[in-house]
Amino acid sequence: MASLSTWSPIVLVVAFLILAAVAYFFRSRGEPRYKEGTAQTQVFLAGEEAPEPDKRHIRAHNMYWGFFQALKRYYETTMNAHTGIINDYIIWFTSVVAITAVIVFIAGMV
Amino acid sequence: MGLDSFKRALWVYHLNTGSCNGCDIEILAALTPRYDAERFGIVLVGSPRHADVLLVTGPVTRQMESRLKRVYAQVPEPKMVMVVGSCGTEGGVFHESYNLIGPVDQCIPVDVYVPGCPPRPEAIIEGVVKAWLKLEKAQEPVTA
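Quick mapping for you: the protein sequence lines, in order, are chains A and B. Mapping to the working numbering: the first sequence position 55 is 55, numbers consecutive. Mapping to the working numbering: the second sequence position 102 is 1102, numbers consecutive.
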């Protein structure tokens, strides 16, 4: 008979059952008076109405949330310029080239 | 009242709906070593979802009306509401103010009133004990 090693499926199944029993014990010790589907099971935010879960959590992968939040006005302005229309980009390009040419021309005159 | 009334700790959530803070200071005084309400298991908790008693101070301002109703709805059954101070009981010196809904019982049902401006800690503790007894009566059909 093979000995039970750490990675034996039997050990893992027994460990899972023990952990499930512990979790069930703690869950059974919880407050049973809550009524499901009422305000009693909703998030408490100092009396404020709780927003939807996707609006009250900052996703863990978004490490730059504070950075983007701080520069929100800058990004909103620049993102408005990115319309996705090629004619707009050509206008931007032509304008920048014209202004640069004028500046270079004036600088060459001085 | 015998020791049978102390079957379990009583958790209280304190909400200020527009008080001048006088009653809130007296509530804290009831928890200091001089009165030491915590030795009876009377504990202030940080969430109404953990509370047995909702303790309200102050008259209800218009801004606090929806918050008070929401907090009351979040306290699990059976629950008791206790009002501390004259303002929450009948409006007090603010009763004609333009930005008040009125006393607490105009927004949510109230079980125990502790009048005073502010009431002494002894009166607050007595009010909590009355709420406790009322709560135990309300729980009897559940536990029987």
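Worth flagging that the hints you see were computed from the coordinates, not collected in a lab. Incorrect hints may appear among the rest.
Stated by the list, open to error - Chain A is nowhere near these chain B residues, computed Cβ spacing over 12 Å in every case:
no.	residue
1	Leu1031
2	Arg1034
3	Phe1040
4	Val1043
5	Arg1067
6	Leu1068
7	Pro1076
8	Glu1077
9	Asn1099
10	Arg1120
11	Ala1123
12	Gln1139
Said to hold, decoys possible - Pair by pair, the computed Cβ-Cβ distance ranges are:
no.	chain 1	residue 1	chain 2	residue 2	range
13	B	Cys1117	A	Phe68	48 to 58 Å
14	A	Met79	B	Glu1090	53 to 63 Å
15	A	Ile86	B	Ser1047	50 to 60 Å
16	A	Ser8	B	Pro1109	39 to 49 Å
17	A	Trp7	B	Lys1137	50 to 60 Å
18	B	Lys1134	A	His61	42 to 52 Å
19	A	Leu19	B	Pro1109	39 to 49 Å
20	A	Tyr34	B	Lys1137	17 to 27 Å
21	B	Arg1039	A	Leu45	54 to 64 Å
22	A	His61	B	Lys1137	23 to 33 Å
23	B	Lys1134	A	Phe68	20 to 30 Å
24	B	His1095	A	Glu52	32 to 42 Å
25	A	Tyr74	B	Asn1016	38 to 48 Å
26	B	Arg1008	A	Val22	21 to 31 Å
For glycine and all other residues, C-beta sits at the position ideal for the given N, C-alpha and C.
Range hint compliance [Cβ, A:Leu19 to B:Pro1109, 39 to 49 Å]: Once the Cβ atoms are compared, 44 Å apart, the range 39 to 49 Å for B:Pro1109 and A:Leu19 holds.
Honestly, do B:Cys1117 and A:Phe68 meet the 48 to 58 Å range at C-beta? holds, 50 Å
Does B:Arg1120 sit more than 12 Å from chain A, CB to CB? holds, 28 Å
Do A:Trp7 and B:Lys1137 keep their Cβ atoms within the hinted range of 50 to 60 Å? holds, 58 Å
No chain A beta carbon within 12 Å of B:Arg1067's: At roughly 3 Å from the nearest Cβ of chain A, B:Arg1067 sits no farther out than 12 Å, so the non-interface label is violated.
Just to be sure I understand the hint, the distance between the Cβ atoms of A:Ser8 and B:Pro1109 should be within 39 to 49 Å; is that true here? The hint (39 to 49 Å, Cβ to Cβ) is violated, given that A:Ser8 and B:Pro1109 are roughly 60 Å apart.
C-beta pair A:Tyr74, B:Asn1016: status relative to the range 38 to 48 Å that was hinted: holds, 40 Å
Verify this label for me: B:Phe1040 is non-interface relative to chain A, using a Cβ-Cβ cutoff of 12 Å. holds, 21 Å
Reported absence of B:Asn1099 from the contact zone with chain A (all CB gaps over 12 Å): Non-interface label stands for B:Asn1099: nearest chain A Cβ at 17 Å, farther than 12 Å.
Take a quick look at B:Pro1076 and tell me if its Cβ sits farther than 12 Å from every Cβ on chain A, holds or violated. B:Pro1076 not clear of chain A: closest Cβ-Cβ about 4 Å, inside 12 Å.
Status of the given 50 to 60 Å range, CB of B:Ser1047 versus CB of A:Ile86: holds, 56 Å
Least C-beta distance between B:Arg1034 and chain A, which was stated to exceed 12 Å: Holds, since 30 Å exceeds 12 Å.
In this structure, the hints that do not hold are numbers 5, 6, 7, 8, 12, 16, 21, 22, 23, in rising order.
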